[in-house]
Amino acid sequence: MALTSSERDRYQRHLALTEIGAAGQEKLKAARVLVVGAGGLGSPAALYLAAAGCGTVGLVDCDRVELSNLQRQVLFDSSGIARSKAEAGRERLASLNPEIRVLAHALELKAANVRALFRDYDLVLDGTDRLSTRYLINDACVILGLPLVSAAIHRFEGQVMTYVPGRGPCYRCVFPQAPEGGVANCAQAGVLGVLPGVLGTLQATEAIKLITGVGEPLTGRLLTYDALEMRFHEFRVARRPECAVCGDAPTISEPRDPAAPPTGTGPAVRRLTAAALHELLRDAGSPAPRLIDVREPYEYQAGHLAGAINIPLGELPGRVAEVAPAGTTVFICRSGGRSLAACQMALAAGVPGPVNLEGGMLAWSAEIDPALPVA
Amino acid sequence: MSCTVRIASPLRSYTAGAATLAARGSTLAEVLANLEQRCPGIRFRMIDEHERIRPHMRLFVNTSEARELSAVVRDGDTVHVICALSGG
Chain Y
1 MALTSSERDR
11 YQRHLALTEI
21 GAAGQEKLKA
31 ARVLVVGAGG
41 LGSPAALYLA
51 AAGCGTVGLV
61 DCDRVELSNL
71 QRQVLFDSSG
81 IARSKAEAGR
91 ERLASLNPEI
101 RVLAHALELK
111 AANVRALFRD
121 YDLVLDGTDR
131 LSTRYLINDA
141 CVILGLPLVS
151 AAIHRFEGQV
161 MTYVPGRGPC
171 YRCVFPQAPE
181 GGVANCAQAG
191 VLGVLPGVLG
201 TLQATEAIKL
211 ITGVGEPLTG
221 RLLTYDALEM
231 RFHEFRVARR
241 PECAVCGDAP
251 TISEPRDPAA
261 PPTGTGPAVR
271 RLTAAALHEL
281 LRDAGSPAPR
291 LIDVREPYEY
301 QAGHLAGAIN
311 IPLGELPGRV
321 AEVAPAGTTV
331 FICRSGGRSL
341 AACQMALAAG
351 VPGPVNLEGG
361 MLAWSAEIDP
371 ALPVA
Chain G
1 MSCTVRIASP
11 LRSYTAGAAT
21 LAARGSTLAE
31 VLANLEQRCP
41 GIRFRMIDEH
51 ERIRPHMRLF
61 VNTSEARELS
71 AVVRDGDTVH
81 VICALSGG
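Chains Y and G, in that order, are what the protein sequence lines are.
Residue 347 in the numbering used here sits at position 347 of the first sequence, with consecutive numbering throughout.
Residue 23 in the numbering used here sits at position 23 of the second sequence, with consecutive numbering throughout.
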């Protein structure tokens with residue numbers, strides 16, 4: 001795919017690099033890269049890919065721009081608030097580089113659409129903010145044989161890795177399963193605005209290296225970054241022969257929809273908000289629910305709901321008989337993650353309809369009783 | 001044996017925000033037991049009730065992955081606790 005005169009001017013600094021040159025720039029022009037998640041990571045990644053002359057850039061995001069996004073999502077500006085991220089991002093990239101094709105996919109990635117979407121691209125960048133979607137993206141990439149550059153962030157820390165099917169581990173090899181109860185995302189935990197700028201540009205760097213064939217890709221190496229200490233660490237990670245999707249006997253042969261969302265529960269586990277539990281406890285006409293606080297003793301001692309019994313999650317398998325076999329049993333922890341795991345343990349042990357206090361003691365303290373200390 | 005443990009960001013609520021802690025032990029099991037004494041509850045976030053490393057956690061001694069709690073830790077080593085992150 002030969003370069004035009006205008007493109008030769010635009011990419012002159014790339015052409016001056018012997019490692020890239022005209023041949024590398026032509027590869028970039030022919031490349032089709034899909035950026036899943038136009039957020040903190042996707043913003044810088046897409047901007048640099050577009051600036052670098054990546055011929056086709058696709059943006060997948062079903063959200064709209066919010067004011068709180070602008071602290072880190074540099075693809076957007078204040079005039080774009082309430083607009084579709086995919087569409088506003090498409091306009092920004094097209095304005096940055098009219099020589100390339102930019103496609104907006106304002107949709108939620110699902111098993112039903114992932115194949116049709118991915119098959120029009122050569123490379124995928126994962127910048128989503130939901131752990132379960134990361135598994136859908138990974139599985140689709142392995143099954144379709146697409147390289148994947150994945151990054152994730154939390155507060156002041158990030159991690160990035162490149163996965164090339166047949167040349168090292170996949171995401172499931174590194175983290176075989178998402179945790180029960182999920183991992184806090186940026187909205188819940190906060191994030192330093194510039195952090196995804198570092199990780200997103202690393203993703204774009206990896207994508208450009210893979211497309212042009214220069215350098216050593218970050219395959220089989222997990223790179224972590226701590227912004228507070230300004231340290232990078234690198235860890236060797238091998239493919240797992242028992243991996244469910246890229247292993248020797250894979251059990252996943254089709255992309256499948258994410259399991260329950262991070263704060264979700266199984267069909268037999270009920271969810272109760274702090275306000276709903278408060279109402280239930282005040283309702284003298286109903287039998288009082290049994291409250292099981294599964295936090296560690298020091299957390300329980302700092303402050304707990306009246307009548308709650310302390311059974312730390314680690315002790316629950318051996319003490320599940322103490323949980324009432326009938327009536328309502330509500331499991332409580334600090335933020336709702338450990339109590340969800342407790343509900344699932346209780347369910348497996350035959351406790352009917354265990355209830356999870358959503359948001360845990362933090363929600364109770366915020367909504368019902370701010371004076372109650374939460375360790 | 002004394003080593004340094006680097007804590008993944010999502011687990012720093014157990015360490016009062018500290019990114020690194022000194023710990024004692026000649027195996028990973030001993031190091032984590034020592035850590036648990038000072039940071040109650042942190043071990044269960046890494047190790048499940050069957051004494052297996054949780055599937056969203058990875059533990060490394062220096063740059064080598066430790067898949068078993070019997071992994072040897074030497075004086076001056078750094079144990080890295082890595083957790084799958086979800087933010088984007």
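Source of the hints: derived by calculation from the structure; they are not laboratory data.
Given the structure is predicted, the values throughout are model-derived calculations rather than measurements.
The beta carbon of each residue, even a glycine, is placed where N, CA and C say it ideally should be.
Do not rely on the hints blindly, as some may be mistaken.
To be verified - To give an idea of the interface, some chain Y residues facing chain G are shown, with a C-beta separation under 7 angstroms as derived from the structure:
(1) A16
(2) S95
(3) E99
(4) R101
(5) H105
(6) A106
(7) G127
(8) T128
(9) D129
(10) Y225
(11) A321
(12) E322
(13) V323
Results of checking the hints against the structure:
no.	hint	verdict
1	A16	34 angstroms, violated
2	S95	24 angstroms, violated
3	E99	28 angstroms, violated
4	R101	24 angstroms, violated
5	H105	16 angstroms, violated
6	A106	17 angstroms, violated
7	G127	4 angstroms, holds
8	T128	5 angstroms, holds
9	D129	4 angstroms, holds
10	Y225	11 angstroms, violated
11	A321	16 angstroms, violated
12	E322	16 angstroms, violated
13	V323	16 angstroms, violated
Hints 1, 2, 3, 4, 5, 6, 10, 11, 12 and 13 from the list above are not met by this structure, while the remaining hints are.
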